[in-house]
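Please work from the sequences and hints to get the whole structure.
Chains as they are written, first to last, in UniProt numbering: chain A, 1 to 415; chain B, 1 to 239.
There could be a bad hint or two in this list.
Claimed, not checked - In silico contact screen, one side only, chain A against chain B (beta carbon under 8 Å); selected entries:
no., residue
1, V203
2, T210
3, W342
4, Y364
As the list claims (entries may be wrong) - Part of the chain A face toward chain B, derived, beta carbon under 8 Å:
no., residue
5, S341
6, F344
7, D345
8, D365
9, A367
10, V372
These are calculated hints, taken from the structure and not from any lab test. We treat Cβ as the ideally placed atom computed from N, Cα and C, and that holds for glycine.
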Amino acid sequence: MPLRAKVASSVSRTAAALSRAAGRGDGSVIGGWIGLKIDPELLAHLSAGRAIALISGTNGKTTTTRLAAAAVGVLGRVATNSFGANMPTGHTSALAKAGSTPYAVLEVDEHYLAQVIEATEPHVVALLNLSRDQLDRAKEVAMMAQLWRAALARHPDIRIVANADDPMVVWAATPPATQDQRITPPHVTWFSAGQRWHDDSWVCPECGSTIQRSGEQWWCTGCPLRRPDPQWTVDDEGVVDPTGAWYKVKLQLPGKVNVGNAATALAVAAEFGVRPFDAVPRLGDVTSVAGRYAQVVREGRTVRLLLAKNPASWLEAFDMADEAPTLLSINARDPDGLDTSWLFDVDFAPLRGRLVLITGDRAYDLAVRLEVNDVPFQYVRTFDEAVRAVPPGRLEVIANYTAFQDIRAELDRVN
Amino acid sequence: MSTENLRIVWIYPDLLSTYGDRGNALILARRAQRRGFPVEVLEVRSDQRLPTTADIYLIGGGEDGPQALGAQRLLADGGLHRAVAQGSVVFGVCAGYQLLGTSFFAKGTQYQGLELLDFSSDRGPSRAVGELAGDIDARLGLPPLTGFENHGGRTHLGPGVSPLARVTAGVGNDGATEGAWRGKLLGTYSHGPALARNPALADLLLRWATGAQHLPPLDDTWADRLRAERRTAVATSRA
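If you want it as structure tokens, here you go:
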């Protein structure tokens, strides 16, 4: 590593440690920010000599990164940005902090994927899904797929692990030269982890025709784009690998969604030569991910935190949550997106019959939504008030990004 | 009403449903049902024929490609024009509002609109993103408009339409006026579930559709709190 990069890396680690010591944060961004100021090429320098996997998509990337890092860990030490700091500053911090490791598994914000591919020259890129997320700021879904596709087309040597169930992802993963999507390019491995959210992929990104669906299959009515046959699938609480072998996956993380994330993680690890047989037990050791799914006991209530950032991830949170009193907390600060319109893209009907409490900066938006949805609710001003309002036992908390961080802070930055 | 049921058609949810647009159909249906009107909501996809006998047609927001495609399909279908000629109500938001005019811009190209309202849209110097508020045309007898806008277009009204509101916060059509209406056709840049924040506007559409002079009031406690909170938020951000 050049001297400048060494200095930058060292200062970066110190700043991160100071940030943690001062109680200002978990140090996962500030260190990288300072390091990149000293050496803009620091991320590339820190990446050299490591076999790297990048994991990107709208939803599930933090959890999948955590699971993939556990799976690749079969082979040796793995650097990873396990706190969800998923922009280049976070990657730089994570690699600097980890020191020399043979492997790295990095979660990447979907907007930064092209840039991080250039900087890190990854061995494998996993593409999870693309759906609407903070449209007041984020790029339109089709535009994001186009950016991914262009970036990946420049690097045909990179292995791609991609979700066969998401038409936008399939299109992004397939080079423009591959006219017939039935022929999978040799560097792409498809997985099927299911897709609950279809509302951003009714129009073909290739030709603009309608996309039809039947069961798990989908196909464009105007061009050859269609669902490729996945090599990795989820079946009955387990994962089926490309040879057809079935592995029971016993996770501590809730929901079918996470079995799908486990399948993706195993497919990523397989690109490094990890056998599912060796990796599966490690997946069961993962208990919570940056506070997500964490359980904390407060005044006799077992509080579990679920993060839901956009319509697709709300559907997944309902799948993960138990039939128990549920607190919903909604903010609309900068990291959440300022627009709450998406509340009407979510069907809250699965919550009918549960004791539902609402709070957060934008609880009134949620109140209007739940009223139209015929979901009775009780408004509370604070998290503490919510805890006292439910009987002893489980309290499920589903919150969007800053609301989740607020509650996590009240629970002493639980991880 | 055209049939025993109040028929609400949500036009092309496969193309024009960017952000919570379903909310407008849900809110109209609920407010009508609470007043004792039987309601039927039809979601008509872009590969289906548009029924011409509905009472209210809703057109939502969309990205550039789907907006252009939606306009082409609606022009080819012709059903909406027949429905309007028979006196149906049309409510368009954002991209769906622009479609009602004579022309709009998508992906850098000018497209023909449905020519149901006298205005045209082009590209503005910057994207308008944020809270939108305005005082609604006094003839409609409604409290102020509140909403969220997110669009790159600017809309120029002709003499054949009236602005829906005078802008007090945000951009709307051009920073001065917002939305447009004529007869029973109404459009706004207040995007997505615009009626969630504007229950009185929802009731106006229902009165137009049913011919009722007056609708019994509903308990709008939460919507009123939301409106007050947004009014305060807009005032605070300006101060």
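Hints and how they fare:
Because the closest C-beta pair between A/V203 and chain B is about 6 Å apart, less than 8 Å, the hint holds. With its C-beta approaching chain B no nearer than about 5 Å, A/T210 sits inside the 8 Å limit, and its interface hint holds. Because the smallest distance between the Cβ of A/W342 and any Cβ of chain B comes to about 6 Å, under 8 Å, the interface hint for this residue holds. Taken as an interface hint, A/Y364 checks out: its beta carbon lies about 4 Å from the nearest beta carbon of chain B, inside 8 Å.
Given hint, A/S341 at the interface with chain B, holds; its Cβ is 3 Å from that chain's nearest Cβ, closer than 8 Å. For A/F344, the interface hint holds, the least distance from its beta-carbon to any beta-carbon of chain B being 3 Å, beneath 8 Å. Nearest Cβ of chain B to the Cβ of A/D345: about 5 Å, under the 8 Å cut. The hint holds. Restraint check, A/D365 versus chain B: the minimum CB separation of about 6 Å is within 8 Å; hint holds.
Checking A/A367 against chain B: minimum C-beta separation of about 4 Å stays under 8 Å; hint holds. A distance limit of 8 Å between C-beta atoms decides the matter here; for A/V372 the minimum to chain B is near 5 Å, and the interface restraint holds.
Consistency note: the structure conflicts with none of the earlier hints.
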